[in-house]
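First to last, the sequence lines map onto chains D and P. Sequential numbering from 245 applies to the first sequence in the working numbering. Sequential numbering from 245 applies to the second sequence in the working numbering.
Since the hints were made in silico from the structure, they are not lab data. Hints should not be assumed to be uniformly reliable.
Any copy, or any two copies together, can satisfy a pair, since identical chains are not distinguished.
[To be verified] Under the rule of at most 30 angstroms between Cα atoms (straight-line distance), these lysine-lysine pairs were calculated in the DSBU-like manner: (1) Lys610 / Lys393; (2) Lys397 / Lys475; (3) Lys637 / Lys294; (4) Lys294 / Lys475; (5) Lys610 / Lys637; (6) Lys250 / Lys651; (7) Lys318 / Lys294; (8) Lys610 / Lys475; (9) Lys294 / Lys406; (10) Lys651 / Lys637; (11) Lys250 / Lys397.
Quantities reported herein were computed from a predicted structural model and do not represent experimental measurements.
Number of protein chains: 2
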Amino acid sequence: MHDDSKGFFALDRELNRDDYITLVYRFECTGDPWTAAAHLCQEQSTAQWKRVGVDEDLRGIYGSKVTALEVLAKLEAPSLPGMLHHIDGQLHAALVHIAYPIINFGNRIPNLLTAILGEGVFFCPSIYAIKLMDIEFPDSYLEQFPGPKFGIKGLRAWTGIKDRPLFMGVIKPNIGLDPQAFSDLAYQSWLGGLDIAKDDEMLCDTTWSPFAERTRVLGRARADAEQRTGKRCCYLANITDEVDRLLMMHDIAVRNGADMLMLNAMCVGLSAVRMVRNHTQVPVVAHFDMIAPFSRVPGFGVSSIVVTKLQRLVGFDAIIGIGLGSRMKSTPEEVLSNTRACTDPMGPIEPALPVPAGSQWAGSLKPLHDMIGNADFAIVPGRAVFNHPAGPKAGAIALQQGWDAIKAGVSMEAYALSHEELRQSIGDILG
Amino acid sequence: MHDDSKGFFALDRELNRDDYITLVYRFECTGDPWTAAAHLCQEQSTAQWKRVGVDEDLRGIYGSKVTALEVLAKLEAPSLPGMLHHIDGQLHAALVHIAYPIINFGNRIPNLLTAILGEGVFFCPSIYAIKLMDIEFPDSYLEQFPGPKFGIKGLRAWTGIKDRPLFMGVIKPNIGLDPQAFSDLAYQSWLGGLDIAKDDEMLCDTTWSPFAERTRVLGRARADAEQRTGKRCCYLANITDEVDRLLMMHDIAVRNGADMLMLNAMCVGLSAVRMVRNHTQVPVVAHFDMIAPFSRVPGFGVSSIVVTKLQRLVGFDAIIGIGLGSRMKSTPEEVLSNTRACTDPMGPIEPALPVPAGSQWAGSLKPLHDMIGNADFAIVPGRAVFNHPAGPKAGAIALQQGWDAIKAGVSMEAYALSHEELRQSIGDILG
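Only chain D is shown next, with the shape it has when bound in the complex:
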């Protein structure tokens, strides 16, 4: 190991943990993994730690530091083809724990992102592939972030649903309907017992569905549905838009009767989410666009778990993300880790409601319930509700029947014998 590398290592017990966040990276490198890890710290913190002609070493306070390194394997070839441009020695895979000094960037999200996912991380000599696997924060740091305003407890109070998963539904056709036609579908779904009818993540403020008009029409329909059903009927409006319009979009939506708001988190940026969180009067829900391109590849980018933690940190009350099923291209372990990142203790930060998504229907309830081990989650079907053969009301009823079957300890197929809407759902989905 090069002599200069030593300044980028520290023993965990030597550090005041309140001063550091912990970053866990998996990387592949050519040559010595310890030298590579030191380079990583150098590139992502004090690239040059002394002035010419001055006897100083800024690494003590400002350098990020390797606190643990585990060599996972010697490799014959890179696990990702096309990433390695210069071979210079034996290839290794390693897992490294890095303590990163908070004093370098403070409590600002864009500066945190620069530190953990910036140029230095991905363009480090000899490291040809790297993925940020996890992140941990000291409580004294977490205290500086808002976290969810409502959280799971608040969402249960908001919706009035105490002891089962929340039923969200993506109103479909998602694109192309005028506000009245769109609202009529939501209304039907509410009559069937859907808790939250929501805009698709693609639906925004458009010429054919102006946001002000859509929220006004849906807000009225929601009030009507509540009167008819005697239960809370939520409309989750997608306010994803230019960041300097977000607070205005919030105000329009809330004034017009939308009672939950959605943001496509990475498309507006996590900092913009924090801004909305500090302003919002209603629960705010994350949609997971633009997370896949940097989280899906094993061995490169950033783990979805890190993104989930950051989304909770900036204040989402519910987080729609990857769920079970082949379309979601993820393992049950990753889905479970993400739900836990929503709900595990995180200092003063409230739990967020996990919403593992993807082509769901009544039959999605049981595997999620079994995996998570409790009812603190939501499902978010689209076509299963709004393309149900008997229409959206029947589609929503089928969700409740799916849950009732679980509570009765009966298979869905058996329960469907006496429950027509569920029977039709099963027929439609399973062919």
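On the provided structure of chain D, position chain P as indicated by the hints.
Frame of chain D; chain P shown alone:
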């Protein structure tokens, strides 16, 4: 091909191109590539295109449409391991051109991003790997975006440098110096002829270098250096911060004498950049943090070229991105494509100055000049200037000498025989 798929195909000549952006994706799929491409269009636009019981088809106006598909290869195995969870037929690689209706999202950046890089794109049945390779916009769409306020022409007027590449330099040590010590280094580099002394992308508004104080001290030093050198000396201040602080950061910086501003584009979000562009009084420069995690993997995510185009669209005057050299893990072709994405005709959008970066020094000028074919670029060394054995002034002088050697048609080594600062640079870099 499934009958429903046909609604997601169109002939280019049937479409009014003013109504569509063009997306070029490379994907790998199991089974029929045409069906996969139709599914892609469905997932990313009208997931469900008719209501139950209504005879309608929303795909005509709102569906994205395959206009060309080229099967690139039959594959024996996925090009990326770990991405394919269910094999269902022969594997193919394909290149698809998709016309995406602008009416779905309008001229808002976060909604554009949702369409082109959202859930639908990355969680499409049978497509297990996909990368957005390129994007094209009709002029009528481009007119709705600001583009660079200064651009290359404006930057040349701003700096007074007419006929050579601009010399930027990242002040180092990048992290840990107080404003006065930091400013002293910038001052020395300006005396040596550096055009633009800049904050590192990691440096922000911190307790040990408060932004207001740093910009005040550097602003004064800049004025002094201009008086002593008789030439413009720019200070590029990094205003990357929470989005609701950006305009304030701009105002502080400009009032205190910073005359160029930097944003870590993806860390604040492209929409926030557009907001700053609409407010700024000085040139705005992009830094490339958090682009690598979704652009470096061949075959997954988004091409750096797309990100460069989007950065130009929202108004960056100069774009720091991947440059030549092994640390940058990119091919010369990709670097060149990115410089061209900055400068190629783009309707009413001004050219932005390309700044291909990464461990640069005087010797970086010639390969870039040869590749680009003109002097419309900047280099942005850090340690080569600020860790020059004789200090930052000598480091800056060496850059000019490197350029003078090119103009004289002499090799750097030959020119260095009579130019001490360049000789020391060569010794330091090449050992």
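Right, here's what the structure says about each hint:
1. Lys610 / Lys393: Classified as within: same-chain Cα gap 29 angstroms, cross-chain 55 angstroms, threshold 30 angstroms.
2. Lys397 / Lys475: within (18 angstroms within a copy, 62 angstroms between copies)
3. Lys637 / Lys294: Close across copies (16 angstroms), not inside one copy (68 angstroms); limit 30 angstroms.
4. Lys294 / Lys475: Between copies only: 29 angstroms across chains, 65 angstroms inside a chain, cut-off 30 angstroms.
5. Lys610 / Lys637: within (21 angstroms within a copy, 68 angstroms between copies)
6. Lys250 / Lys651: Neither: 59 angstroms inside a copy, 43 angstroms across copies.
7. Lys318 / Lys294: Answer is neither; intra-copy 35 angstroms and inter-copy 54 angstroms both fail.
8. Lys610 / Lys475: within (24 angstroms within a copy, 71 angstroms between copies)
9. Lys294 / Lys406: Intra 59 angstroms, inter 34 angstroms, cutoff 30 angstroms: neither.
10. Lys651 / Lys637: within (22 angstroms within a copy, 76 angstroms between copies)
11. Lys250 / Lys397: Neither. Shortest intra-copy (48 angstroms) and inter-copy (47 angstroms) distances fail the 30 angstroms Cα cut-off.
In summary, the numbered hints that this structure violates are 6, 7, 9, 11.
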